[in-house]
Amino acid sequence: MNQVELLFYGGLLIVIIGLLGVISRKNLLSILMFQELSLNGVNLVLVAGSILHHNYHGAILSFITFIVTAAEMAIAILILLLLIKKRKTLDVTFYSELKG
Amino acid sequence: MFKFTLGLSLFLPLILLLLPSQKERVVAWVNMGIQLLLLALFFTMLTNSELCEFSFTLSESLGLHYHLLIDEFNKYLILLTALIFPLVTYASIDFIKTEKKLFHLMLALSYLLIVQTFLAQNLLFFYAFWECSIVPMFFIIGIWGGGNRLLATYKFVLFTALGSILMLAAILFLVVANYKISGVFTFELQPLLRLQETLPLSAQRWAFLAFAFAFMIKIPVPPFHTWLPYAHVEAPAPGSMLLAAILLKMGAYGFIKFVLFLFPAVVEEWRLPLMAIFVLGALYGSALAFVQNDIKKIVAYSSIGHMGILMLGLVTPSESAISGAMLSMLGHGLTSAALFYSIGLLYERLHTRDLFHFGELATTMPRFSLLFFLITLSAMAVPPTLGFASEFFIFLGAISYSLKMVITSNHYLFIAVSGAAMLTILLGTLYSLRLVKYLLWGKKSEASLLRAGVRDLNLGECSVFTVLLLFIFVLGIYPQFIIESFKLAIKGLSIS
Amino acid sequence: MNIFYALLPENILVLALLLFPMIEVLKLKSKALPLTAFLLATVGALAVLAIHYQQALEVTLFYGHYQVSPNLQAIKFLLTFSLLPILLLREQIFIGHYKYYFLLLALLYGSMVMISSGSFITLFVGLALLSIPLFPLILNGPIQKESSESAIKYIIIDSTLTALFLLGIAFIYFASGKMDLTIISSDNVLYRFGCLLLLLSLFIKLAIVPFHPWSPDVYEGCDNRILYILSVTVKATIVFVLWKIFANTANFLNYPWQAIIITLSIASILVGNLSLIKQTSIKRFFAYSSIAHMGYITLILVVTNVSIETIAIIIFAYFAIYSISMLLCLLPLGNLLASADQLSLLEQFHQRSSTRSSFLSFGLLSLAGIPPFPGFWIKIVIMGYLIKCDYTLVAVIAFLASYIGIYPYFKVMGGQFFGAIKH
Amino acid sequence: MSELFLILFFPLVGFLINGLWGSRLQEKSCALIGCAFPLLSLFLLTYKTAVSDFYGVSILFTWVSFENLTIDFALKLDHLSLLMSFIVLGIGSLIHIYSTKYMHGDQSFARYFSYLNLFLFFMLLLVLANNLLVMFIGWEGVGLASYLLIGFWYKENENASSGAKAFIVNRIGDIGFLLGIFILAFHFQTINFDEINRAASTANASATMINLSALFLFIGACGKSAQLPLHVWLPDAMTGPTPVSALIHAATMVTAGIYMIVRLHPLYMQATAVLPLIAVIGTLTALLGALVATVQSDIKRVLAYSTVSQLGYMFAALGVGAFYPAMLHLFTHAFFKATLFLSAGAIIHALHGEQDIYKMGGLAKKMPWNMVAFLLGSLCLAGVPLTSGFISKEAILMHTYSHSHSYSQTLTILLLITAALTAFYISKTFFLVFLPSKNGSEKPLHAIAFAMSLPVIALAILSIVVGLFHIPAFMENYLNLAKSITIKEEAHILIPALSLSLSAFAIAIAYLITVKQIKIVPKILEQKFYFDHLYEKVLLSTLRAFCKRVLATIFEVKIIEAAIWSMRDLVLFSSRRVTLLTNGQIQWYVLLILMALSLLMVWWFYV
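Residue numbers (the numbering used here), protein chains in the order written: chain C, 1 to 100; chain R, 101 to 596; chain W, 597 to 1019; chain P, 1020 to 1626.
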C-alpha cells in the first residue's frame, strides 16, 4: 500500500488512540493532551488527502487546525489553573457533582 | 351587530384586567353586567334568525381563516352559555372568598374561549380554543378547589389534553389528505365535508377514532370518565356549575359537528357498537350515582348518565332522537347548573358534602327544599319538565329506529340496546329520590350538623333558581319552537 | 472595494473587536464604553445587513470559500437580533464589561462566518470561533464551584466535537478531493462516513439525544444570559448550517439518513419531555426543554418535497418564537436565579408579583405548545409539512411525546398559583 | 270548548294559591280555597253537560311535530271521560270537605290542600286526555302527587321511604307505558286514542305490534293499579293521611290503569295474546289480595289489600273482554271503598290514631252513624244482594263464566273463592270494630265533627243508590263499549246462587271467629307472600351491593384507575431512567458519544 494510504491509516490510528485516551485517563491534564493528540492525528489525514488530490486545501485546513487547537488548549489550561486553585485536584471523578 | 357582540366578548377579560383589584365587588358587578348585556345581545341576534357570519383570513397559504358562524346547532348552545355565565358570576360573588379579581378574570377568559369554540368553523381554530379552554378551568379548580385539588386539576388537564392531541393529528391528516386530493390546503369545515366520498374508508376509520376518542373523554363516556368525579368534587361551586353545564356540551357539540358531519359512513357502519358504548356508559354512570355518599359525586355521576343518553340520541339516525339530544343538551345544562348551585349553597352553609349529615331540610330551609325538589324532578325526567321532553324524544327515536331495524333486517340487538337505555330512567329515579330523601325529608340525623341558625335562601339565590326553573318548565311544556329550528339542520345530516 | 463592502457587517465587528484591547491598554476606567461599543457594533451590523438584503447582494468571495446572499444576510440579521435581549437580562457576576462584550462580539462574528461559509475551511473557522469564546463566559457563572465544573465539561465535549468534525471533513476531502459544501450522494464508503461524522458532530452541539447529557450540567453552571445564548444563538447557527449543508441536497437524503434523523429527533423530544418531570432546578428545566425543542426543529430537515426557502422560513420563525418564549421565561426570573436555582423558589410566585408570574406562565405555555400562544402555531406548521410528505406516524408519535411535556410545564406554571410544586 | 281547560285548571289554581301563600293564610281560608276550586269545576262540569252537549276534542297547542308524528296537547270529553271525571270530582270534593276537619290543627295544613288540588289537576288531565302523551303526563303527575301525599308527614323516615317506594314502583310501570307509547307511535304514526282504535281494527295492523304495545301498556297499568308483580307499594302507601288513601288509593288513581285499557279497548280486542295474560294476573292478584287481607291487623291495610283484590277483579273482567262490567265495578267500587276508608278514618280520628282492629271494639253505640256507613260499605264489598257491589260483581262473574276460553271456568271458581274471602275479612273487621268486646279502649272518644260524618253518609247512600234504579242498564248503552260475550242462560241462576251461599257461609265463620277470639295467622300470609322481602332484601340490596362492590370498587378503581396509575408509573419510571443518563462524569459522556457514533455507523452500513 503506497505512502498516502500509510499516512491516512497512521493519522486515523492516532485519532482513535487520542479518543480512547480521553475516555480512560483520570488526570484532566492528560485528557487535554490526548485531545490535542487526536486533533493532530486529523491533520495527518488532511495532509494525506491533499497529497492524493494534489491541491492545497487539505494543507491550509491543517494549518488552521493548528491555530485553533493551540487557542483551545491555551484557554483550557488556563481554566485548569483556576480549577487547581479552587478545588486542589485534577482528578476527573471529582468533577461530577452536577447530575440528574 | 355580530361583530360588536363578538368584540365585546373578546375584550371582556381586558376590561376586567384594567379594573383595580382592591374593589372586588366592582369587578364582580362589571363582569356580570357585561355578561348580561352579552346575553341580551345574543338573544336579540338569534331571534331574528338570520345566520350571522364573521371571518377574516389569517394566512391564505396555510388556509387559516378565523371563520365564525352561528348555525342551528350552536345557536342554542350559545344562548345556554350566555345564560349560565351571569348566574355563575353571581354565584361566585359569595362563594369565592380569596383572589376574587383573578377568579372573575378566569371566568371572563373561559366565556371568551367557550363562545369561540362553539362558533369556530375553522377546524384549527376550533382545536385551538378547545385546548385553550383547559387553562382557565385548570386555574379555577387549582386555586379555589377543595382538598386534593392538585390531583384533580392535573387529571383534568392531562385527560382532555391527551384527547385533543390525537384530534389535532386527525385534523392535520384530514387537511393534508384534502390537500393531496383537491390541491387546496385549508382548515375550513365545508371543503373537508366533501372529503367523505374520496377518502378510503380505512383512513376515515382512523380519523373517526381519533375524533371520537377526543370527544368521548370530554363528554365523559365511561371508560374515560374518571377525571369528572375528581374535577367536580374538588372544583368550587361556580367552577363545577360551569364545568357541568357547558364544558360537557362542548364534547357533544364537537361530536355532532366534526364526527356526524365528517364521517357519516363510519358512523353508519359502527352504529350498533357506538350505541352500545353510550348506553352502557349511561347505565354505568347512573348505577354509580346510586351508591355514592358524597352529594357532589352523585350529581357528577348522574351527569355521566344523562350525557350517555344524550349521545345515544345523537347516534340514532332519526329526526326525533337528534332533536331530543339537542334539547337534552339544554335540559341537562340547566338542571346540572341548578343542582351544583344548590350543592354549593349547602356546602357554604354546612361545610359538608356527606349525604348523611343532612336531613329535615324541608323544615329548616323550606324555600330551598321546594326549589331543590323541582330541580330533581327535571333530573328524574318527570313530565312537565325539559328533562322529560328531551328523554322522551331520544327514546322515541331510538325505539322506533330499532323497531325499523327489526322489521327491515331483523337485527334484534338494537332493541336490546335501546331497551337497556330505558332502564336509566329507573336508575335516575332511584338516585334522585335517595338524594331527596336524605337531604329534605326524614329526621335530623344525629350526625347532621344542622344548627338552628341555617338561614334559608335570600332573594338573590332564589332568583337564580327561578330563572333556571322557568326555562326548564317553559321549554318542557312547549319544546316545539326549538324543535322547529332543528328541522332544517337535521336535513343536513340526511337522516331517513 | 466590493469585497470590503460585501464583508461590511463582519468588518464592523472586527473593528469593534480591535477597539476593546485598545481600551484595556489605555486603562480607560469608564464602565459605559464597552457597552456602547458593543451596541454600536451590533446595530451597525444590523443596519448594513438590512441594506444588503435590500440590494439583494449576491457575491462569492475568496474563490467560493465565502458566500453572501440575501437569505444568508437575513439569517445573520436574525442571529444578531437574537443577541440583543442579552442586555435586558440582569447579569449575576460582574466579570468586567470589557471582557464580557468582547467575547460576545467574537461569538457573533464566529456565527456570521459560519453562516456565510462557502467551504469546510471557513465553516471550521466559524465553528471554532463560535465555541472558544464560550469557555470563559461559562466559567463566570453565579456559583464558582459549579460553573468551573461545567466549563471544564464544556471544554472537553467541545474539543472532542471539533476532533470529530475535522475527521469528517478530512474523510470527505480524502474521498472527494473537494472542500466545498455541496454534498453529493456517492456510494464511496469513506465519503458517506465522513458526512455521517459531520452530521453527528453538529448534533452534539445541538444536544440531540444520544449526545445530550453535557447540556444540562453546562446549563446548570452558567448564568441565565449565557444560558440564553447557548440555547438560542448557538443552536440557531448550527441548525442553519445543517440546513445549508444537508437540506439542499434533496436526493442525498435517501433512506438511511432520514431514518437516523427521525429516530434521533423523536428520541430527543421524548427524553427532553420525560426528564422534565422530575426536575428540581430551573436551569436544568430549561436545558431539557431546549433539547425537546431541538428535537422538533431537526424533524424539518427530513421534509423533502418543499422548496428550500420555505424550510429556511420555518427555521427562522421557529427560532424567533423559541427565543421569545425563552425571554418570556427568563426575564421575569430576573435575579431570582442569582442565589439558588430551585424550582421551589417559584411557589407562591403569583402572590409576590402577579405581572411577572403571568409573563412567566405565558412563556411556559408557549414552550408547552398550548394553542393561542406562538409555540403551538409553529409546531402545527412543522407537523403539517411532515404529514404532507406522509410521515403521519412520525407526526402522531411527535404529538404524543409533546403531550408528555404538558404536565411538567403545567406543574411549574400551576405551582406559582397553587404553591407546592411537588410531583 | 275552552271550558274543558277551565275545569282542568281550577284545581291547578287552587294548588298555586295554597302552595305559594298557604303558610300566610290561616287554616280556615286555606280550607275554603282548597274545597272551593274542585267544587267550582264540578259545578261547571255538571252545568255544561246539562246545558249543552259539548263533547269532542279541544286542542290547546301542538306539543311537537316531527315528519311522521305530530303530538298535540289536547283534551277530549266523551261519555267515558265524563263518567270518570264525575267520579274524580264528586268523590274528590267530598273528600276535600272531609279532610278540612280531619287535618284540623296540622301545622302544614295549606301544604296538604295544595298537594290534594295538584292531585286532582293531574287526575283530570289523565282522564280528559285525548292522546297517550297527555295521559302519560297525568299518569306521572298523579304518581308525583301520591309520592308527596304519602310522604306528607315527612318527619318519620319510613313515611318518606314508603312514598319513594310508591314512586319507584310506579316508574317501573311507567317505563312499560312509555315503551307501549313508542311502539304505537312507530306503528300507527299517531298516539291519539280514536285514531289508534280505528287503525287497530283495520286489517293492515300487524298482530305482533298490537300485542307488544298492549302488553307494555298493561305493564304500565300494573304499575299504577298495583297488580301482582308491582302491587307492593299500595299497602305501604297507607302511611299517608286517610283521606289521601281514600281518594288516591281507593277511588281514583288506582283505577287509572283500568280506565286506560277501557279507553283502548278496540286495540285490546285485537291483542288476542295479551288478554288471557291480563285475566290470569287479575285473578291471581284478586286471590292474593283477599288471602293477605284476611290476616291484616291494621284496618287501613285490610282495606288496602281489599282494593288490590277488587282491582284484580276488574282486570280479570278486562281479561275476558267484559269491558263494561269492569267499568261498572270500577264505578261502584269507587263509592263503597271511599265510604269504608272515610269511616275507617273517622274511627282512627276518634281513637286518637289507633289503627289496630284487635285493639278496637264496642264502637257501635259510641259512633252509630259511622257504624251504619261502615255496614253499608262492607255489605257492598261483600256482594250482598240488592247492593251495587253485588250487581257489578255478579256481572263480572257471569262474563267470566260464559267466556268461551278453556281456563275461564277455573277463573270463575277462583273469583268465587275470592268473593267468599272478601266477605270473610270485611265482616271480621266489622264485627271486631263494632261489636262490644273487652279489649275496647275506654278513653273518651275524640268528637267527630259533622263535616266529617256528612261525606261518609252521603257516600254510603250513593253506593247503595248506584246499584238500584237500573242505573247499570242506563250506563250500559250510555258507554256503548264493545261487547264480545253473550252470557249463557244458566249463568243467570248458577252464579248468584253460588256466590250468595259462599259469602253467607264466610260471614258466619267470621262471626264465629270474632266471638271466640281465635287468631290463626299462617306464616306465608303473614309475610304477604314474601313480596316485600323480595323487593327490599333481594332486589334492592343486591343492586346496591352490585353497584357498590362490583362497579364502584372493582370496575372503577381496580380497572380504570389502575390503568391510569400504571401509565403514570410507567412515565415516572422512564423519566427516572432517562435522567440517570446524565450521571455527571465527563468520560461517560464522551464514551456515550463514541458508542452512539459506532452504533449508527454499523447500522448505516448494514441497512
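Each hint should be verified, as a subset may be incorrect.
Claimed, not checked - Beyond 10 Å from chain C on every Cβ pair, some chain W residues (computed):
(1) Leu-613
(2) Thr-632
(3) Leu-657
(4) Pro-666
(5) Phe-677
(6) Ala-724
(7) Ser-755
(8) Ile-765
(9) Ala-766
(10) Val-785
(11) Ile-856
(12) Thr-906
(13) Ser-949
To be verified - 25 Å max Cα-Cα, derived DSS-like pairs, lysine-lysine:
(14) R:Lys-591 <-> R:Lys-357
(15) P:Lys-1174 <-> R:Lys-543
(16) R:Lys-255 <-> P:Lys-1120
(17) C:Lys-85 <-> W:Lys-695
(18) P:Lys-1067 <-> P:Lys-1120
(19) W:Lys-874 <-> C:Lys-99
(20) P:Lys-1174 <-> R:Lys-537
Keep in mind that the hints were calculated from the coordinates and are not lab data.
Virtual Cβ for every residue (Gly too), placed ideally from N, Cα, C.
Evaluation of the provided hints:
no.	hint	verdict
1	Leu-613	holds (14 Å)
2	Thr-632	holds (27 Å)
3	Leu-657	holds (16 Å)
4	Pro-666	holds (28 Å)
5	Phe-677	holds (28 Å)
6	Ala-724	violated (4 Å)
7	Ser-755	violated (4 Å)
8	Ile-765	violated (7 Å)
9	Ala-766	violated (4 Å)
10	Val-785	holds (13 Å)
11	Ile-856	holds (21 Å)
12	Thr-906	holds (33 Å)
13	Ser-949	holds (29 Å)
14	R:Lys-591 <-> R:Lys-357	holds (14 Å)
15	P:Lys-1174 <-> R:Lys-543	holds (5 Å)
16	R:Lys-255 <-> P:Lys-1120	violated (61 Å)
17	C:Lys-85 <-> W:Lys-695	holds (21 Å)
18	P:Lys-1067 <-> P:Lys-1120	violated (31 Å)
19	W:Lys-874 <-> C:Lys-99	holds (12 Å)
20	P:Lys-1174 <-> R:Lys-537	holds (11 Å)
Going down the numbered hints, you'll see the structure goes against 6, 7, 8, 9, 16 and 18, while the others check out.
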